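Participant: Protein chains in written order, with UniProt numbering: chain D, 1 to 341; chain A, 1 to 338.
Honestly, the hints are just simulated from the structure, not real lab data.
There could be a bad hint or two in this list.
One side only, chain D facing chain A, incomplete, derived with CB under 8 Å [claimed, not checked]:
#1 Lys195
#2 Leu223
#3 Tyr228
#4 Pro267
#5 Ser268
#6 Ile275
#7 Gln281
#8 Pro284
Model, not experiment: these values are computed from the prediction.
We put the CB at the ideal spot given by N, CA and C, even for glycine.
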Amino acid sequence: MKAPLPALPDRGGPAQPMLTVNGLRRWFRLDGKRVIRAVDGLDFSVAKGTTLGIVGESGCGKSTAAKLVAGIEPADAGEVVLDGEVFWARGARIGPEARRAVQMVFQDSHSSLNPRMTAAESIAFGPEAHGVKPGAARDYARALLEAVGLPPDRFADRPPMALSGGQRQRVNIARALALRPRVLLLDEPVSALDKSVEAQVLNLLVRLRAQLDLTYVFISHDLSVVRYVADEVAVMYLGQVVEQAPASVIFARPSHPYTRALFASKPSVDPRRRIAAPPIQGDPPDPVDPPSGCRFRTRCGFAEALCATGTPPLGTVAPAHRVACWMTVPRSGHSQAGVAA
Amino acid sequence: MTAALEVNGLEVAYRAGRGFVPVVRGVDLTLARGKVLALLGESGSGKSVTLRSMVGLTAREGARVAGSVRVLGQDVPGMTARQQLDLRGSQVGFVFQEPMTALDPVFRVGDQIAEVLVRHRGATWAEGLARARALFDLVQIPAAAQRLRAYPSELSGGLRQRAMIAIALACEPPLLLADEPTTALDATVQIQVLLLLRDLQKQLGTAVVFVTHDLGVAAEIADEVAVMYAGRIVERGSAEQVLLAPAHPYTRALLGCVVRGGYAEAPLVELAGSPPDLARLPPGCSFAPRCGSAFGPCGVTEPAEVARPSGHRARCHLPLPLDDRGDGHAGAETTEAR
Numbered sequence: 001m002k003a004p005l006p007a008l009p010d011r012g013g014p015a016q017p018m019l020t021v022n023g024l025r026r027w028f029r030l031d032g033k034r035v036i037r038a039v040d041g042l043d044f045s046v047a048k049g050t051t052l053g054i055v056g057e058s059g060c061g062k063s064t065a066a067k068l069v070a071g072i073e074p075a076d077a078g079e080v081v082l083d084g085e086v087f088w089a090r091g092a093r094i095g096p097e098a099r100r101a102v103q104m105v106f107q108d109s110h111s112s113l114n115p116r117m118t119a120a121e122s123i124a125f126g127p128e129a130h131g132v133k134p135g136a137a138r139d140y141a142r143a144l145l146e147a148v149g150l151p152p153d154r155f156a157d158r159p160p161m162a163l164s165g166g167q168r169q170r171v172n173i174a175r176a177l178a179l180r181p182r183v184l185l186l187d188e189p190v191s192a193l194d195k196s197v198e199a200q201v202l203n204l205l206v207r208l209r210a211q212l213d214l215t216y217v218f219i220s221h222d223l224s225v226v227r228y229v230a231d232e233v234a235v236m237y238l239g240q241v242v243e244q245a246p247a248s249v250i251f252a253r254p255s256h257p258y259t260r261a262l263f264a265s266k267p268s269v270d271p272r273r274r275i276a277a278p279p280i281q282g283d284p285p286d287p288v289d290p291p292s293g294c295r296f297r298t299r300c301g302f303a304e305a306l307c308a309t310g311t312p313p314l315g316t317v318a319p320a321h322r323v324a325c326w327m328t329v330p331r332s333g334h335s336q337a338g339v340a341a
Numbered sequence: 001m002t003a004a005l006e007v008n009g010l011e012v013a014y015r016a017g018r019g020f021v022p023v024v025r026g027v028d029l030t031l032a033r034g035k036v037l038a039l040l041g042e043s044g045s046g047k048s049v050t051l052r053s054m055v056g057l058t059a060r061e062g063a064r065v066a067g068s069v070r071v072l073g074q075d076v077p078g079m080t081a082r083q084q085l086d087l088r089g090s091q092v093g094f095v096f097q098e099p100m101t102a103l104d105p106v107f108r109v110g111d112q113i114a115e116v117l118v119r120h121r122g123a124t125w126a127e128g129l130a131r132a133r134a135l136f137d138l139v140q141i142p143a144a145a146q147r148l149r150a151y152p153s154e155l156s157g158g159l160r161q162r163a164m165i166a167i168a169l170a171c172e173p174p175l176l177l178a179d180e181p182t183t184a185l186d187a188t189v190q191i192q193v194l195l196l197l198r199d200l201q202k203q204l205g206t207a208v209v210f211v212t213h214d215l216g217v218a219a220e221i222a223d224e225v226a227v228m229y230a231g232r233i234v235e236r237g238s239a240e241q242v243l244l245a246p247a248h249p250y251t252r253a254l255l256g257c258v259v260r261g262g263y264a265e266a267p268l269v270e271l272a273g274s275p276p277d278l279a280r281l282p283p284g285c286s287f288a289p290r291c292g293s294a295f296g297p298c299g300v301t302e303p304a305e306v307a308r309p310s311g312h313r314a315r316c317h318l319p320l321p322l323d324d325r326g327d328g329h330a331g332a333e334t335t336e337a338r
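From just these sequences and the hints, can you work out the full model?
Facilitator: This is how it looks when you write it as structure tokens:
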């Protein structure tokens, strides 16, 4: 596949994180006093060529986090560093080259495509905006359609209406790839798809990452999807990361009570191994006025007085394994301190 | 005692352009009282239309409906509109996927429950409200008195779905129809509502038809599972038979799409293509174009349903494996780690 746009250069070498996010914060003011703390101090970094999976329930701020990282939504505080250079900081503009480097795929494949444009036109739009001649952009769009498994002779001239959900999502992926990005932010990319189609798209994403040397931030409410694609997993609860670790570690030894509850809530497909009782009760609290101290304490079976007064730091409990819970902090004052870790 | 549900040769077609498109193409089902049947399938497989036809909702929408549907021994298509109205709510409860659209936004939830009892049980308004209070306790809504006076928009998603279940169970119907009732909920809330339904079903002895696309949800609640594809039931049997020893290649493919680990150690087995256009069905077996085991007759004749002595049935030209357990298919044994 001959790309009309040049590849973006690698700057820091393989050891430098592709993406680093420091202290990212976004609060939404509703009326007068009430504030939704959608993202409240987000820190993570993603190694080159890997996938960070962010998992959490509705209202935990994961989609806002994706928009902040992409620079679509302005953050109140914090910065995003791309391969060693500031990609986004408050008051700074994102240059055209950096813009190309970070692309996004959204959950709703229908509303994220222009209904009046054909698949090929949607894909060619970005490269043309970056100065590629229309003929070359169209040829490239057809090559990309082929790469995402849509034979261009059949699909290039179809409007979104004439595509299935899975096919539309493939077009969205091709459109994101058209600018030769280095990072793809995937916000619930398979949540609207049927399981058999979900597997196709997940495998396509895994294949493309290796082929095109991409780095992914993959956001989903679905634990099994994250388990499948992610090398590193961050669990979010009400605007904050409560646990982060390599996938192999977090699925083998989940430490935060919320992570454990989330994992234990997932039914298996074996009718002989049913879940006896719900791991936790109640719905996630309203992100307006979240609980004081640890935000999970209102649903946590281990909550004590300490949890209401102090916010537990996201501390390292083992190499590359970070947890925000007083039980994992030695001598924190929690009666289970040091026991659960 | 009559079965909770008997469906024979159900066919439903919707008008599209000049003709009719078949959406349900000959569905047979029986469900004993007090049992849970999961109707499993992907979008467009006809599972929701089948469910809605059981209480005469599809004929009202102008669909062409044929075949027999007997609920608690009564012939539903033969009923008048008035009789069907009495059937719904009083003898059959219905829980929808989106409680926000199923509940009336301008009435308090407590009043919406009381209304069912006034309408179907001849209760007074005060009796209805008192019973609503008891139902809220039954579905484990905390601070019931206060929540009864809430409008649907003031409740969280999980509480709204519990209120929906309270309405459906208000008249203690022998049959409950549930259309993806937990799909829109968060994972930690989904399991709460699912296990609540499972407990209430046991406690009240309600028969349940539970429509879902999620194999795990089916495994959690179902006694029996029926798998739908392109408007037909392609496999049915006990939950153990269908989910642990699937006979139909489509069911096996669905189980192959269940994540059991990371992409490197447990790659998903893809099912190529997408379900057929119901207006232009391929000849023979509808699944044949996507089936890895398809051979000569598959593209020519539609397979009939073949039953094993155990009751495990499938519509497939391939001979059924003899044993119900351990027939060696990938995906049959669950090794999924938590």
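Participant: Each hint: holds or not?
Facilitator: Hint check results:
1. A cut of 8 Å between beta carbons decides the hint on Lys195(D): the least distance to chain A is about 5 Å, and the hint holds.
2. At about 7 Å, the closest approach between the beta carbon of Leu223(D) and any beta carbon in chain A falls short of 8 Å, and the interface hint on this residue holds.
3. The beta carbon of Tyr228(D) comes within 5 Å of a beta carbon in chain A, closer than 8 Å, and the hint placing it at the interface holds.
4. Interface hint status for Pro267(D): upheld, as the beta-carbon distance to the closest one in chain A is roughly 3 Å, under 8 Å.
5. Taking 8 Å as the C-beta contact cut-off toward chain A, the hint placing Ser268(D) at the interface holds, the least distance being around 5 Å.
6. Residue-level restraint check for Ile275(D) holds (minimum Cβ-Cβ distance to chain A is 6 Å; threshold 8 Å).
7. Because the smallest distance between the Cβ of Gln281(D) and any Cβ of chain A comes to about 7 Å, under 8 Å, the interface hint for this residue holds.
8. Residue-level restraint check for Pro284(D) holds (minimum Cβ-Cβ distance to chain A is 7 Å; threshold 8 Å).
Checked against the numbered hints given earlier, the structure satisfies every one of them.
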